[in-house]
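Engineer: What follows is the residue order along each chain.
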Amino acid sequence: MAKSSLQRSKHLLADPKKQLQVLSSGSFSSGALPTFSDRLKGLNAELKTDKLEILQVNLGYMCNQTCAHCHVDAGPDRKEIMSSDTIDKVIDGIKRFRPNTLDLTGGAPEMNPEFQRLVIAAVSLSVKDIIVRSNLTILESNNHYKSYPQFFKENGVHVVSSLPHYSMRTTDRQRGEGVFSKSITALKRLNELGYGRDEHLKLDLVYNPSGAFLPGSEKELEADFKRKLKADFDINFNQLFCITNLPISRFLEYLMATENYEEYMETLVEAFNPSTLSGLMCRNTLSVGYDGRLYDCDFNQMLQIPISGNKRYLADLDSSAYSNRKISVHQHCYGCTAGSGSSCQGSIS
Amino acid sequence: MSNSYYDPKDLKNFKKITDWSEPLGTRFFEYYSKVFEEGALSAREKSLIALAVSHVIKCPYCIDAYTKDGLQRGITEEEMMEAVHAGAAIESGATLVHAVQMMNKHKKLSH
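Protein chains in written order, with the working numbering: chain A, 1 to 349; chain B, 1 to 111.
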């Protein structure tokens, strides 16, 4: 596990421009592999937004963990956090855009002191699905956060939690020593409250591969996770979402440091599946950065690739301007279109 | 032409064996993919068998392929290593069981 963020260690790849340079060079600049944009052109396809369904809000890059593959480069040393003023603008955005889903992410979104205010506002505005992307260990970190599962329950929050594997060794290697045990404790407590057991309290898990390979069948992995977590810990959950690691930030650094980058990109390009294009999350999602800037997805946010057009902040974008907007793409998009596809809700096809 | 007998890139060109014998190559790949489908054994179990056999026949291409396949299926390190030991035990057992032949011959030829 990385001990500090790329930003704190002043790593070259902390700079999104440098990441984009890497993603534009090598096999892509030599023409050995087609750029994502060229791949779309070859299919006469263009990615455009449909109807807004999901408002995904990044509440800040601060996190109690420093996971090896984090695409946000989050960690305890990151201080970027969504301000109270920007949260007001998000609440205003919910009123104007009326999304079905509010997807709260980070860092650890719970670490934003305004987290509960935003959730309560979303409940009062009748957002159907309010998701918190919880790393689980934050819920065990101190007495303050130990009260959050009860808050989630009272507000019908849908909990989506990362758990890379049902084995301690694999999980701790990716997310840090002791993470697995704390995650299991948090999952048991969520189960006791009814999460993963009562129909209205959804608890989903997120699997991402612990290395330079693509996820296998979501259906088969979900069956294995359910069987093992039930047998070993009596834990229940609803769905397993399989997410492909995209070659950005810390995972890009890992790929390069282990000389897996070229082969991984070849794997992604070879696994390109055109049938995933119609189900990509960027077509119905608006990603809001901690500073209120807008992006087509969380990955574009980390690469600082803004949405097309001249309205770059949530406060400036008119709700009617969402649809039929050109989506900004780069080579990392091969991650969401490989094999069965990948989105924040798991496989696409 | 590579200076090595094994080149990892050759695995990606495996399907080219059909270029020189299309019907046999095509039938082989059809058979191969059918074998690894979910059946009386799960695809996960078959992947572990394939990994064990890969080691016994010492095929570097197969070891790469089925290690990656195992990772994608979420197969643990312990499961992979136990599968290899199962293959190794059979292989060493096959060697050692010939010791009975040695002992028989020894008994016949000596006082």
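Some clues are possibly wrong.
[To be verified] Computed far set for chain A versus chain B, every beta-carbon distance over 12 Å:
| no. | residue |
| --- | --- |
| 1 | R8 |
| 2 | G31 |
| 3 | G42 |
| 4 | D77 |
| 5 | E80 |
| 6 | Q116 |
| 7 | L214 |
| 8 | L221 |
| 9 | K230 |
| 10 | L240 |
| 11 | E266 |
| 12 | S323 |
[As the list claims (entries may be wrong)] Capping the alpha-carbon separation at 25 Å, the derived lysine-lysine pairs in BS3-like fashion look like this:
| no. | chain 1 | residue 1 | chain 2 | residue 2 |
| --- | --- | --- | --- | --- |
| 13 | B | K9 | A | K219 |
| 14 | B | K34 | B | K108 |
| 15 | A | K226 | A | K51 |
| 16 | B | K58 | B | K15 |
| 17 | B | K9 | A | K226 |
| 18 | A | K228 | B | K68 |
| 19 | A | K226 | A | K89 |
| 20 | A | K89 | A | K128 |
| 21 | B | K68 | A | K226 |
| 22 | B | K58 | B | K68 |
| 23 | A | K95 | A | K48 |
| 24 | B | K58 | A | K219 |
| 25 | A | K230 | B | K46 |
| 26 | B | K46 | A | K226 |
| 27 | B | K46 | A | K228 |
| 28 | A | K202 | A | K219 |
Please keep in mind that the hints were generated in silico from the structure rather than gathered at the bench. Backbone N, C-alpha and C define an ideal beta-carbon position, used for all residues, glycine too.
Engineer: If any of the earlier hints don't hold here, list their numbers in rising order.
Structural biologist: 7, 8, 10, 11, 13, 14, 15, 17, 19, 24
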